[in-house]
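As a plain string of letters, each chain reads:
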Amino acid sequence: MTEMSGADMVVQALVDLGVDTVFGYPGGAVLPIYDALYKHPTIKHILVRHEQAATHAAEGYARSTGKPGVVLVTSGPGATNAVTGITDALLDSIPMVVLTGQVPTTLIGTDAFQECDTVGITRHCTKHNYLVMDPDRLGPIMHEAFHIATHGRPGPVVIDIPKNVQVATGTYSVPEFIQHNSYRPQVEPDADAISQAIDMIAAAERPVFYTGGGVINAGPDASAALRQLVSLTGAPITSTLMGLGAFPADDPKWLGMLGMHGTYEANMAMNRADLIIAVGARFDDRVTGRLDAFSPDSKKIHIDIDRSSINKIVPVDLAVVGDAGRALDALIAAWQDKGHKARDLGEWWRRVDGWRATRCLDFPEKKEASAEIMPQRAVKALFDATRGRDPIITTEVGQHQMWAAQHFGFSAPNRWLTSGGLGTMGYGFPAAVGAQIAHPNRLVICIAGEASLQMNIQEMGTVAQYRLPVKIFILNNEWMGMVRQWQELTYESRYSNSYSDSLPDFVKLADAYGWTGLRIDNLGQLEDGIKKMIETPGPVIVDCRVAQLANCFPMIPSGAAHTDMILQPSDVTGTMDDEAKALV
Amino acid sequence: MKIKTEAGERHVLAITVDNEAGVLAKITGLFTARGYNIESLTVADITADHALSRITIVTSGPPPIIDQIIAQLDRLVPVHKVIDLNDAGEAHVEREIALVKVAGTGDKRIEALRMADVFRAKVVDTTLTSFIFEITGTSDKVDRFIALMRECGLVEVGRTGVVAIARGSEAL
Ligand SMILES: Cc1ncc(C[n+]2csc(CCOP(=O)(O)OP(=O)(O)O)c2C)c(N)n1
Ligand SMILES: [Mg+2]
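So the protein sequences, as listed, match chains A and B. If you want my numbering, it's the position in the first sequence, counting the first as 1, plus 1224. With my numbering, letter number 171 in the second sequence gets 167, and the count goes up by one each step, no holes.
No wet-lab data here; the hints were simulated from the structure. In this text, a Cβ means the ideal position worked out from N, Cα and C, and glycines have one as well. Don't take each hint at face value.
In the DSBU-like style, the derived pairs of lysine-lysine whose C-alpha atoms are separated by at most 30 Å in a straight line are [unchecked claim]: (1) B:K0 <-> A:K1536; (2) A:K1523 <-> A:K1562; (3) A:K1536 <-> B:K77; (4) B:K0 <-> A:K1805; (5) B:K0 <-> A:K1523; (6) A:K1805 <-> A:K1590; (7) B:K(-2) <-> A:K1536; (8) A:K1805 <-> B:K(-2).
Which bits of chain B does chain A cover? Going by a derived footprint, with three or more residues having C-beta under 8 Å, they are [to be verified]: (9) 9 to 19; (10) 24 to 31; (11) 55 to 65; (12) 74 to 82.
Over the 10 Å line for every Cβ pair with chain A, so calculated as not near, a few chain B residues [as the list claims (entries may be wrong)]: (13) L37; (14) V89; (15) I93; (16) G102; (17) I161; (18) L168.
Input sequences plus hints: build the corresponding full structure.
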């Protein structure tokens, strides 16, 4: 218990909480905290170029380390600029604490300069938020906020701190241990539910594991447990976009991602299964397709830390509320205790292999050196060239994101950083910045679309300032490809405002920021170009020109069943009825 | 294309929450953001130290939606407990108060007073040309009383919304 200013308490709390990095941008309402930071050299402050980028960088930091990301922004426009990243973190369950400055308590509610109702605006895009009116509360609130951001289903927490609370002095106190009086998520799964679950798994003839971001959030041990359980049971496994990396993509039991742009085998297996074991996944509409046709003949077990995710969209037969890692450990223990033996799933695997034989990720391409590059080929080449280097891959949002998910194989968690729930263009580059800050010596590559990249391209300055060796690999198709693809499918190719006109010369832009810029125009240049990108020290932007009109398949159109996948461009019709058009 | 909505049954939820700024906004915001109904909502703090508030919400929806509402409320950080008083085995008592102002003279006035008596409504204020009745009961009873008063010169109504509590010796 020591007397100090509110701003000093904020910094002291960060130190006590083990925070090493803060992503932020200064302004009038946070100057006291910036001054306090000045005196604390142990906390590294990364000055971004836009507050949205601070939030995505914090997400990248968090997703690649498992530790909470921390953001510091000023009141008013600083806070509103952070809202997109806060919402992104909420939808993808990323632990994050955002400190916002606020006008002095005496001015709150008067439309003061740079005042906005930050707690009001962020109330529904945070897991929790606080307005701190008394400096004595700062210590306990800071510690509680980190606890809430990181416990149970992780998420963003905002602490809004009026300027006079930063300046006033008070007593800094640290709660001995945090036992929130109402927020106590259930972490330990119910033993009876585990016992029932394992019996269902042991008895299933056509089981499939369907796993999600919850396994990644539960830490690397959860991924290890998942591998063990899958190997004990011999069942196939698929995962959501957010869950990639929890299970190695080169394992024969891996079916690839499921859902809208998932593989044929993953979606067919879900459809024909007699048991779905959902772990830390939330039956998102991108995954289920048409609900009344979703896995119609299966029993479903749903393991999730958030009870509200269970039975939200798909009614399940057995709910297991708890941490994914603990639940997987408990399932393994129960399997062994009960002496279960893996069933002969040969018949099931033969069917899976039949679906695999469609080779749904194959794509047509020309092989000569002068040929245009298929975007899928570019991702595969990037994957091949970085094997053994354990890269961290981030993406923007669009076709390139789906191609990366389909063709880049991940074998460990925390290497795949993408905006799943909110689908935020502008996420990938700053997320790469955050990941690179956390892992200065790792290879961090942002696979970008030329349109998305421009949403936070100003961060090239941040990268230059901190000399980060971030690589941006643009799959430049000169289109908002995903929008164009939907316009082809739904609006008879009326390309309303989806062309990426007036693009900058990315190589010259690189030069302007002191980066290295490379351009790859045809297949013959692809391998060397990628090699050069990897071998060039410092930040590199690669403008990889790809086939402009390539589309991303397989695809389940919105509102269609898993069995109605479009496998080839030739399957595409040109229009849809209004019911389908109304779906996102 | 037409947009369909689903009908549902009425449920009364009792919720205890930390009595702090923003909690009510968080709860009502959850209902609007997720498209749930609120038929009535009451709130007041209920502990000697003013630390806890009790919110009673009357909502409606098909059973899976009611389940979702409860799960969604339950995961809010300041929410302590959520009880569905309509759950099987949860017999409960519901009350609502209304203040009903009726203006008129002559027969209408006498008729209003007579019906108030039948409903055990109290006269809490009177002038030569008006009454204010206080009526307590289930929402149904209050509805019926107000409907009758429409015929007798009803000019204004204020209602509290429902408070409810489970029968038996146990606390929430
Ligand atoms: C902030 C934001 N605005 C709009 C969208 C809608 N949207 C989804 S993908 C996309 C096009 C992305 O184009 P590009 O980055 O070039 O990627 P491509 O699909 O061409 O690979 C758009 C506009 C979005 N996801 N995020
Ligand atoms: Mg593009």
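So, going through the hints one by one against the coordinates:
Only pairs whose Cα atoms come within 30 Å are accepted, and B:K0 paired with A:K1536 is accepted, the gap being roughly 19 Å. Between A:K1523 and A:K1562 the alpha-carbon distance is near 21 Å, which keeps this suggested pair within the 30 Å criterion. A threshold of 30 Å between alpha carbons decides the hint, and for A:K1536 with B:K77 the separation of about 20 Å falls inside it, so the pair holds. For the suggested pair B:K0 and A:K1805, the alpha carbons sit about 16 Å apart, so the restraint of at most 30 Å is met.
For a cut-off of 30 Å, the pair hint linking B:K0 to A:K1523 stands: about 29 Å separates their Cα positions. For the hint pairing A:K1805 with A:K1590, the CA-to-CA distance comes to about 34 Å; that exceeds 30 Å, so the pair is violated. At roughly 24 Å between alpha-carbon atoms, B:K(-2) and A:K1536 fall within 30 Å of each other, so this suggested pair holds. Pair hint A:K1805 plus B:K(-2) holds up; C-alpha atoms about 13 Å apart against a cutoff of 30 Å.
Counting residues of the stretch 9 to 19 of chain B whose C-beta lies closer than 8 Å to any C-beta of chain A gives 4; at least three are required, and the coverage claim holds. Coverage of the stretch 24 to 31 of chain B by chain A holds in this model, with 3 residues showing a Cβ closer than 8 Å to a Cβ of that chain against a need of three. Closer than 8 Å: that is the beta-carbon criterion, and the stretch 55 to 65 of chain B has 3 residues meeting it against chain A, so the requirement of 3 holds. Coverage of the stretch 74 to 82 of chain B by chain A holds. Counting CB-CB distances below 8 Å, 3 residues qualify, and the rule asks for three or more.
Against chain A, the non-interface label of B:L37 holds: every CB pair exceeds 10 Å, the least being about 17 Å. Every CB of chain A lies more than 10 Å from the CB of B:V89, the least distance being 26 Å, so the non-interface label holds. No Cβ of chain A approaches the Cβ of B:I93 within 10 Å, the least distance being about 29 Å, so the stated non-interface status holds. For B:G102, the requirement that its beta carbon stay farther than 10 Å from each beta carbon of chain A is met, with the minimum near 51 Å.
Separation of B:I161 from chain A is adequate, the least Cβ-Cβ distance of about 20 Å exceeding the 10 Å criterion. No beta-carbon of chain A comes within 10 Å of the beta-carbon of B:L168; the shortest separation is about 13 Å.
In terms of the numbered hints stated before, the structure departs from hint 6 and from no other.
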